[in-house]
Amino acid sequence: GAVVSQHPSRVICKSGTSVKIECRSLDFQATTMFWYRQFPKQSLMLMATSNEGSKATYEQGVEKDKFLINHASLTLSTLTVTSAHPEDSSFYICSARLRGATGELFFGEGSRLTVL
Amino acid sequence: AQTVTQSQPEMSVQEAETVTLSCTYDTSESDYYLFWYKQPPSRQMILVIRQEAYKQQNATENRFSVNFQKAAKSFSLKISDSQLGDAAMYFCAYLVPYSGAGSYQLTFGKGTKLSVIP
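Going down the list, the sequences are from chains A and B. The first sequence begins at 1 in our numbering and counts up by one. The second sequence begins at 117 in our numbering and counts up by one.
One should not assume that every hint holds.
[To be verified] Residues from chain A that keep clear of chain B, each with C-beta distances beyond 12 Å, as calculated:
| id | residue |
| --- | --- |
| 1 | Q6 |
| 2 | H7 |
| 3 | C13 |
| 4 | K20 |
| 5 | E22 |
| 6 | Q38 |
| 7 | M45 |
| 8 | D65 |
| 9 | S73 |
| 10 | L76 |
| 11 | P86 |
| 12 | S111 |
| 13 | L116 |
[Claimed, not checked] No farther apart than 30 Å at their CA atoms in a straight line, the calculated lysine-lysine pairs in the BS3-like style are these:
| id | chain 1 | residue 1 | chain 2 | residue 2 |
| --- | --- | --- | --- | --- |
| 14 | B | K194 | B | K171 |
| 15 | B | K229 | B | K194 |
| 16 | A | K55 | A | K66 |
| 17 | B | K226 | B | K171 |
| 18 | A | K64 | A | K41 |
| 19 | A | K14 | A | K41 |
| 20 | B | K171 | B | K186 |
| 21 | B | K226 | A | K55 |
| 22 | B | K171 | A | K66 |
| 23 | A | K20 | A | K64 |
| 24 | A | K14 | A | K66 |
| 25 | B | K226 | A | K41 |
| 26 | A | K20 | A | K41 |
| 27 | A | K64 | B | K171 |
| 28 | A | K20 | B | K189 |
| 29 | B | K171 | B | K189 |
| 30 | B | K229 | B | K189 |
| 31 | A | K41 | B | K189 |
| 32 | B | K229 | A | K41 |
| 33 | A | K14 | A | K55 |
| 34 | B | K226 | B | K194 |
| 35 | A | K20 | A | K66 |
| 36 | B | K226 | B | K186 |
| 37 | A | K20 | B | K186 |
[Unchecked claim] Which residues of chain A face chain B? A few of them, derived with a C-beta cut under 10 Å, are:
| id | residue |
| --- | --- |
| 38 | F34 |
| 39 | S43 |
| 40 | L46 |
Note that these hints are calculated values from the structure, not bench results. Since this is a predicted model, take the numbers as computed values, not measurements. Even for Gly, the Cβ is constructed at its ideal location relative to N, Cα and C.
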């Protein structure tokens, strides 16, 4: 199956700093990528939908100035957590939809962010 | 709004036995996809099985099969001959296109934690 890679898998940062998480589709072109947040023992919560070459669409309640999403190419989307605070600590997962296809999404390995 | 409900927060099954995880969903759409994803302790989301709403035949993938009841909006997952490696969180998910945007939104249930007893 198609492979989606997320980096870094774990990151620890100080409060007030910014952290960038990358999501890459390794062997296919992804027209659309999705960013999710998962709290411990909970389900995945969609944060935003990222379309290549256009602005991301954020879900209600997600601060677009806090979580900057860039989808500069068909294989790369980035999530930047700006001015991170301890409450931003969470597990962030990206997924990608194969260009031209419908249905299945491919997930990255996830990134665990800890803000001290 | 579409919702996905998994009414069993936790389930357990004896190794080699069969277990069924339930999932119901609410939608007014006619064209959509349903999925079961597995999330082991590594947290990597793994696709177990998918079902297109327009297909009447239930999807099967080796030891995994679904019972898709479109009219009842039910989509249960049956795991046969359960193995220790099946222990994980299982999420039911529903995929529907945004109207006009050309992109898709995946809605997850809250998950069912499956334990496999040796």
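Evaluated hints:
Its closest Cβ contact with chain B, about 10 Å, brings A:Q6 to no more than 12 Å, contrary to its assignment away from the interface. Look at A:H7: its CB is around 14 Å from the nearest CB on chain B, clear of 12 Å, so calling it non-interface holds up. Every C-beta of chain B lies more than 12 Å from that of A:C13, the closest at about 19 Å, which supports listing it as non-interface. Against chain B, the non-interface label of A:K20 holds: every CB pair exceeds 12 Å, the least being about 20 Å.
Chain B leaves A:E22 outside its interface by the beta-carbon criterion, the shortest separation being 16 Å against a cut-off of 12 Å. Not every CB of chain B is more than 12 Å from the CB of A:Q38 (nearest about 8 Å), against its label as outside the interface. Not every CB of chain B is more than 12 Å from the CB of A:M45 (nearest about 8 Å), against its label as outside the interface. Every Cβ of chain B is farther than 12 Å from the Cβ of A:D65; the closest lies at roughly 22 Å, confirming the non-interface assignment.
At roughly 17 Å, the least C-beta separation between A:S73 and chain B is larger than 12 Å, which holds for a residue marked as non-interface. Even its closest Cβ contact with chain B, about 17 Å, leaves A:L76 beyond 12 Å, as expected for a residue assigned away from the interface. Separation of A:P86 from chain B is adequate, the least Cβ-Cβ distance of about 20 Å exceeding the 12 Å criterion. A cut-off of 12 Å between C-beta atoms contradicts the statement that A:S111 is not in contact with chain B; the least separation is 10 Å.
The beta carbon of A:L116 is kept farther than 12 Å from every beta carbon of chain B, the shortest such distance being approximately 21 Å. At most 30 Å may separate the alpha-carbon atoms for a hinted pair to count; B:K194 and B:K171 meet this at roughly 18 Å. Taken as a hint, the B:K229 and B:K194 pair is honoured in the structure, with Cα atoms around 14 Å apart against an allowance of 30 Å. Between A:K55 and A:K66 the alpha-carbon distance is near 15 Å, which keeps this suggested pair within the 30 Å criterion.
Note on B:K226 and B:K171: the hinted pairing holds, with a Cα-Cα distance of about 25 Å set against a maximum of 30 Å. Restraint check for A:K64 and A:K41: satisfied, since their Cα atoms lie roughly 25 Å apart, inside the 30 Å limit. Distance check on the hinted pair: A:K14 and A:K41 sit about 25 Å apart at the alpha-carbon level, within 30 Å; holds. Our distance criterion of 30 Å between C-alpha atoms is met by B:K171 and B:K186, whose separation comes to about 10 Å.
Distance check on the hinted pair: B:K226 and A:K55 sit about 29 Å apart at the alpha-carbon level, within 30 Å; holds. With a C-alpha separation of about 41 Å, the suggested pairing of B:K171 with A:K66 is violated against the 30 Å cut-off. As the CA atoms of A:K20 and A:K64 are separated by approximately 14 Å, the hinted pair is consistent with the 30 Å bound. Between A:K14 and A:K66, the direct Cα distance comes to roughly 15 Å. Compliance with the 30 Å bound is thereby established for this hinted pair.
Proximity of B:K226 to A:K41 is assessed by CA-CA distance (about 9 Å); at most 30 Å being required, the pair is judged to hold. The straight-line distance between the Cα atoms of A:K20 and A:K41 is roughly 24 Å, inside the 30 Å bound, and the hint therefore holds. For the hint linking A:K64 to B:K171, the alpha-carbon distance of about 38 Å lies beyond 30 Å, and the restraint is violated. Distance restraint check for A:K20 and B:K189: the Cα-Cα separation of roughly 39 Å exceeds the 30 Å cut-off, and the hinted pair is therefore not satisfied.
Under the criterion of a C-alpha separation no larger than 30 Å, the hint pairing B:K171 with B:K189 is consistent with the structure, at around 14 Å. Only pairs whose Cα atoms come within 30 Å are accepted, and B:K229 paired with B:K189 is accepted, the gap being roughly 22 Å. Proximity of A:K41 to B:K189 is assessed by CA-CA distance (about 26 Å); at most 30 Å being required, the pair is judged to hold. Restraint check: the Cα-Cα separation between B:K229 and A:K41 comes to about 9 Å, which is no more than 30 Å; the hinted pair holds.
For a cut-off of 30 Å, the pair hint linking A:K14 to A:K55 stands: about 28 Å separates their Cα positions. The hinted pair formed by B:K226 and B:K194 meets the criterion: a straight-line CA distance of about 18 Å does not exceed 30 Å. Pair hint A:K20 plus A:K66 holds up; C-alpha atoms about 12 Å apart against a cutoff of 30 Å. Restraint check for B:K226 and B:K186: satisfied, since their Cα atoms lie roughly 21 Å apart, inside the 30 Å limit.
A C-alpha spacing of about 41 Å is found between A:K20 and B:K186, which places the hinted pair above 30 Å, so the restraint is violated. For A:F34, the interface hint holds, the least distance from its beta-carbon to any beta-carbon of chain B being 7 Å, beneath 10 Å. With 10 Å as the threshold, the beta carbon of A:S43 comes within range of chain B, its nearest partner Cβ sitting at about 5 Å, so the hint holds. The interface hint given for A:L46 holds, since its Cβ lies 7 Å from the closest Cβ of chain B, which is under the 10 Å cut-off.
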